[in-house]
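Just so we're aligned: 233 in our numbering is position 233 of the sequence shown, and the numbers increase by one with no gaps anywhere.
The reader is advised that the hints may include incorrect statements.
Stated by the list, open to error - Taking lysine-lysine pairs in the DSSO-like style, the calculated list, with each CA pair at most 27 angstroms apart, reads:
{"hint": "1", "residue 1": "Lys181", "residue 2": "Lys220"}
{"hint": "2", "residue 1": "Lys181", "residue 2": "Lys146"}
{"hint": "3", "residue 1": "Lys181", "residue 2": "Lys158"}
{"hint": "4", "residue 1": "Lys220", "residue 2": "Lys248"}
{"hint": "5", "residue 1": "Lys264", "residue 2": "Lys158"}
Claimed, not checked - Computed spacing ranges between beta-carbons, pair by pair:
{"hint": "6", "residue 1": "Val14", "residue 2": "Ile152", "range": "18 to 28 angstroms"}
{"hint": "7", "residue 1": "Asp76", "residue 2": "Ala18", "range": "37 to 47 angstroms"}
{"hint": "8", "residue 1": "Gly77", "residue 2": "Thr22", "range": "30 to 40 angstroms"}
No wet-lab data here; the hints were simulated from the structure. We put the CB at the ideal spot given by N, CA and C, even for glycine.
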Amino acid sequence: MVFAFRQVWRHNLVSELADLETAIHLFPILSIDVQHPHFNKDAIKPTSLPQQACLYLVSYLVNRTQMLQLGITAADGEGNIGGTWQFNLRYSVWEAAVATKEEEHTSAIIDFGTDRGDIEWERLESEGIDPRQFAGLFTGLLGRAKQQQQQIEWITYKGLYDVAYLVKLVTKDGQLPQTGKEFFRVVGRVFGAVVDVKCLAGHSPGLANTTAFRREELAKELGVRRRGKAHQAGSNSLLTNLFFTKMKRRFWKKKLSVDQESHKGFLWGINCRVCPVPEKISGNVGGVVVEHGDNCRCAGCSFPEQPLFRCDHRLSCSCRCRSCGSRLVPEQLFSRYRGYHPAICCDGNCAGRLPVRARRFVVYQPPVILMRRDFIVPCC
Numbered sequence: 001m002v003f004a005f006r007q008v009w010r011h012n013l014v015s016e017l018a019d020l021e022t023a024i025h026l027f028p029i030l031s032i033d034v035q036h037p038h039f040n041k042d043a044i045k046p047t048s049l050p051q052q053a054c055l056y057l058v059s060y061l062v063n064r065t066q067m068l069q070l071g072i073t074a075a076d077g078e079g080n081i082g083g084t085w086q087f088n089l090r091y092s093v094w095e096a097a098v099a100t101k102e103e104e105h106t107s108a109i110i111d112f113g114t115d116r117g118d119i120e121w122e123r124l125e126s127e128g129i130d131p132r133q134f135a136g137l138f139t140g141l142l143g144r145a146k147q148q149q150q151q152i153e154w155i156t157y158k159g160l161y162d163v164a165y166l167v168k169l170v171t172k173d174g175q176l177p178q179t180g181k182e183f184f185r186v187v188g189r190v191f192g193a194v195v196d197v198k199c200l201a202g203h204s205p206g207l208a209n210t211t212a213f214r215r216e217e218l219a220k221e222l223g224v225r226r227r228g229k230a231h232q233a234g235s236n237s238l239l240t241n242l243f244f245t246k247m248k249r250r251f252w253k254k255k256l257s258v259d260q261e262s263h264k265g266f267l268w269g270i271n272c273r274v275c276p277v278p279e280k281i282s283g284n285v286g287g288v289v290v291e292h293g294d295n296c297r298c299a300g301c302s303f304p305e306q307p308l309f310r311c312d313h314r315l316s317c318s319c320r321c322r323s324c325g326s327r328l329v330p331e332q333l334f335s336r337y338r339g340y341h342p343a344i345c346c347d348g349n350c351a352g353r354l355p356v357r358a359r360r361f362v363v364y365q366p367p368v369i370l371m372r373r374d375f376i377v378p379c380c
């Protein structure tokens, strides 16, 4: 088995994307990984949040950062590797700091610094790929593959953030959709039923207790050896593909667990299923017909309609806890309730008030964020 890491910078972007497009014809299974600025793990616990609150956190963080690297490994159904590409996007720490100067609270949960020794920061700034150019070329590649009716299968590992960054990449305004429903519709329309290897591991015999494993721990459990450096998008995408191939051979072909198809479309941290949107492509630009049944329960149909940024609560808001009745004091609630708190809306003064029966959550950021008087606390 040959493992070829192909580093892609600004000077060879067009030629390498052409090679990737050619490889997809024979190797349609694409394992992906995105490297992005680190997030404060104490401030982000997506598995402990309600789904709408989890999506708010994803949207908040992804819209304020950009990907550093995108790793793509192309393979076929037998596990043969067609190549691994690592796209290195332009990123300037100084520009990121200037862009967030008006949002000083972001430093509490997003690390824009250069303390990561695994990233070539200076080369990213001088030779990195322009994100807008890459977005246009990559979106064109996906469009041509869809017109040629190529069945691309996307594989991730704990891939909610990876998919979110790619959705941001292919959208026209470079921002995530405002509602969870639209977000999952875009995922289903562009990427189909994404396979999350971490979800698969939780339902495979002998791996049921590995859902908290890191990649290295799961690799040891499966007997898979990493190629390349850790914390690099190319190496991570290749490792994800090796996980997927190993589990197929060990479990599904021997019929020791539920078949692979039943686990497609589930992303780690989201309980709804993302199903591929049935499409009919015509010769006209944008001639896409979307058809969902009345009883469809996929994430795109069943997720709430309300925007991820729902209400206009401010620090002076008189919302109270639904459980204990006390006033919501940010400094206390964040540490006690891990970032969210069930709340009763403030006496009808909320601009986007939901019905009384609707379940409401106020999403909190670390105290340094909520000390700003002009910061809007979203309520969903």
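Here is how each hint holds up against the structure:
no., hint, in the structure
1, Lys181 / Lys220, "violated (37 angstroms)"
2, Lys181 / Lys146, "holds (22 angstroms)"
3, Lys181 / Lys158, "holds (20 angstroms)"
4, Lys220 / Lys248, "holds (17 angstroms)"
5, Lys264 / Lys158, "holds (13 angstroms)"
6, Val14 / Ile152: 18 to 28 angstroms, "holds (20 angstroms)"
7, Asp76 / Ala18: 37 to 47 angstroms, "violated (20 angstroms)"
8, Gly77 / Thr22: 30 to 40 angstroms, "violated (18 angstroms)"
Of the hints listed earlier, those the structure fails to meet are numbers 1, 7, 8, in rising order.
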